[in-house]
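Peer 1: Here is how the chains run, residue by residue.
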Amino acid sequence: MSHSSHFAIDVPDSLIQRAKRGDGKAFEQIYRWFERPIYTLGLRLCGQPSEAQEVLQDSMIKVMTKIGEFKGQSPFWGWLRQIAVNEALMRLRRTSKTYGDEDVYEMDLADGNALLPPQAAEAAQLLAAMQKLPDITRSVLWLYHMEGFNHEEIAVQMGKSVSFSKSQLSRGTKKLRDLLIEPRTQG
Amino acid sequence: MSQPIHISNALQALPLEAPGHSLWPQLQVHVPKHAVWPKWPLALAASAVLAVAILQLQAPDLTGGAVGGQLGAAGNLQRLMDRSAQLENDFYALQDDAQSSATVIAANLSIEDRLAAIDGQLMAEAGGADTAALWQERIDLLSQGVSLNRTNAAYNADGRHYDLALASLN
Chain A
7 MSHSSHFAID VPDSLIQRAK RGDGKAFEQI YRWFERPIYT LGLRLCGQPS EAQEVLQDSM
67 IKVMTKIGEF KGQSPFWGWL RQIAVNEALM RLRRTSKTYG DEDVYEMDLA DGNALLPPQA
127 AEAAQLLAAM QKLPDITRSV LWLYHMEGFN HEEIAVQMGK SVSFSKSQLS RGTKKLRDLL
187 IEPRTQG
Chain B
-19 MSQPIHISNA LQALPLEAPG HSLWPQLQVH VPKHAVWPKW PLALAASAVL AVAILQLQAP
41 DLTGGAVGGQ LGAAGNLQRL MDRSAQLEND FYALQDDAQS SATVIAANLS IEDRLAAIDG
101 QLMAEAGGAD TAALWQERID LLSQGVSLNR TNAAYNADGR HYDLALASLN
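If you read the sequences in order, they're chains A and B. For what it's worth, my numbering labels the leading residue of the first sequence as 7, then goes sequentially. For what it's worth, my numbering labels the leading residue of the second sequence as -19, then goes sequentially.
No lab work stands behind these hints, which were simulated from the structure alone. Remember, predicted model here, so these are calculated numbers, not experimental data. Virtual Cβ for every residue (Gly too), placed ideally from N, Cα, C. Mixed in with the good hints, there may be bad ones.
Ranges of calculated distance between the beta carbons of each label pair, as one might list FRET restraints [to be verified]:
hint, chain 1, residue 1, chain 2, residue 2, range
1, B, Ala109, A, Asp184, 40 to 46 Å
2, B, Leu89, A, Lys180, 23 to 29 Å
3, B, Asp138, A, Asn119, 24 to 30 Å
4, A, Ala130, B, Leu89, 35 to 41 Å
5, A, Lys180, B, His10, 29 to 35 Å
6, B, Asp110, A, Arg100, 43 to 49 Å
7, B, Leu57, A, Gln137, 33 to 39 Å
8, A, Pro124, B, Asn136, 53 to 59 Å
9, A, Pro124, B, Gln101, 41 to 47 Å
10, A, Glu75, B, Gln6, 20 to 26 Å
11, A, Lys77, B, Ala109, 19 to 25 Å
Below, in silico cross-link-like pairs of lysine-lysine (BS3-like), each with a Cα-Cα straight-line distance of 27 Å or less [unchecked claim]:
hint, chain 1, residue 1, chain 2, residue 2
12, B, Lys13, A, Lys26
13, A, Lys31, A, Lys72
14, A, Lys181, A, Lys138
15, A, Lys72, B, Lys13
16, A, Lys77, A, Lys31
17, A, Lys68, B, Lys13
18, A, Lys31, B, Lys13
Produce the complete structure using the sequences and hints provided.
Peer 2: Here's what the structure looks like:
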């Protein structure tokens, strides 16, 4: 799993133990560290600031109520990120009209081109193009490339097949490429 | 800016986003007042209520075909995952909080928590010997969730109110 994730913050064990004892200052520190990674994840997956804010709020409430279940066998940030991913995907399931679609195209599976045109280096253009992708496609792209999950892990989390994840990744990359090349004519 | 760029590099170069204002003032009321430990007794009680409800639901098979056991040891992982995906879509599509009793909503949340726990195990397992068993467990749990919500929907269609707490006493 890639550690390029914004979540990859080493949280001291002493801070986690303080939080487990109900220390408000410890939770506040955890919130400060993970506010932006959780919000950004929520925004990329769900698409709207209001939804990202709800993902942040609900994730942090879960962290506070479930921190006693964190056993320390894996990094704390990975445990917290999983909560945030679950919250974002749960919201997507309930709001996305296309979440139930399971279409997989063999042509998608054969397209392994992961290069984007130079316009992708411009954040504003890339974000505008990303925003035009279907929520579920954008989510697969983000979970795979940004959070470093593999297709099996994405399939598990989304309740989809591995082929679906691969197909969405390929189709999303192609669509992104098209949107960046012709931003005014695509939609 | 004339060279193609790998999508991973392009996404990783995007800046972090921040909410319009800090949520901490409204979140701090949720800080637990005491030390936080796993709530096993509560979880077990919730599971017991759910188990009773599930036993009641098993008489008429409402899941559209029993799955447990049919796939067997020789069944492949992809079939299990496909079945799980199908059931998961049904599970969420059938939920209607506006037409559900508090106990049905609580049972759905309990199922979601248990699904998350299984998913955590699957992530840790990553292709290990127990992977198929975990997927089967996920399917069984989702089948129970689908049954629960189909029954709830059937009650609602008849103008009746389905309450697990009452049903478990009958």
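Peer 1: Each hint should be assessed against the structure and marked as holding or not.
Peer 2: Results of checking the hints against the structure:
no., hint, verdict
1, Ala109(B) - Asp184(A): 40 to 46 Å, "holds (43 Å)"
2, Leu89(B) - Lys180(A): 23 to 29 Å, "violated (38 Å)"
3, Asp138(B) - Asn119(A): 24 to 30 Å, "violated (54 Å)"
4, Ala130(A) - Leu89(B): 35 to 41 Å, "holds (39 Å)"
5, Lys180(A) - His10(B): 29 to 35 Å, "violated (43 Å)"
6, Asp110(B) - Arg100(A): 43 to 49 Å, "violated (30 Å)"
7, Leu57(B) - Gln137(A): 33 to 39 Å, "holds (35 Å)"
8, Pro124(A) - Asn136(B): 53 to 59 Å, "holds (55 Å)"
9, Pro124(A) - Gln101(B): 41 to 47 Å, "holds (43 Å)"
10, Glu75(A) - Gln6(B): 20 to 26 Å, "holds (24 Å)"
11, Lys77(A) - Ala109(B): 19 to 25 Å, "holds (21 Å)"
12, Lys13(B) - Lys26(A), "holds (10 Å)"
13, Lys31(A) - Lys72(A), "holds (17 Å)"
14, Lys181(A) - Lys138(A), "holds (9 Å)"
15, Lys72(A) - Lys13(B), "holds (13 Å)"
16, Lys77(A) - Lys31(A), "holds (21 Å)"
17, Lys68(A) - Lys13(B), "holds (15 Å)"
18, Lys31(A) - Lys13(B), "holds (12 Å)"
Comparing the model with each numbered hint stated earlier shows that hints 2, 3, 5, 6 do not hold.
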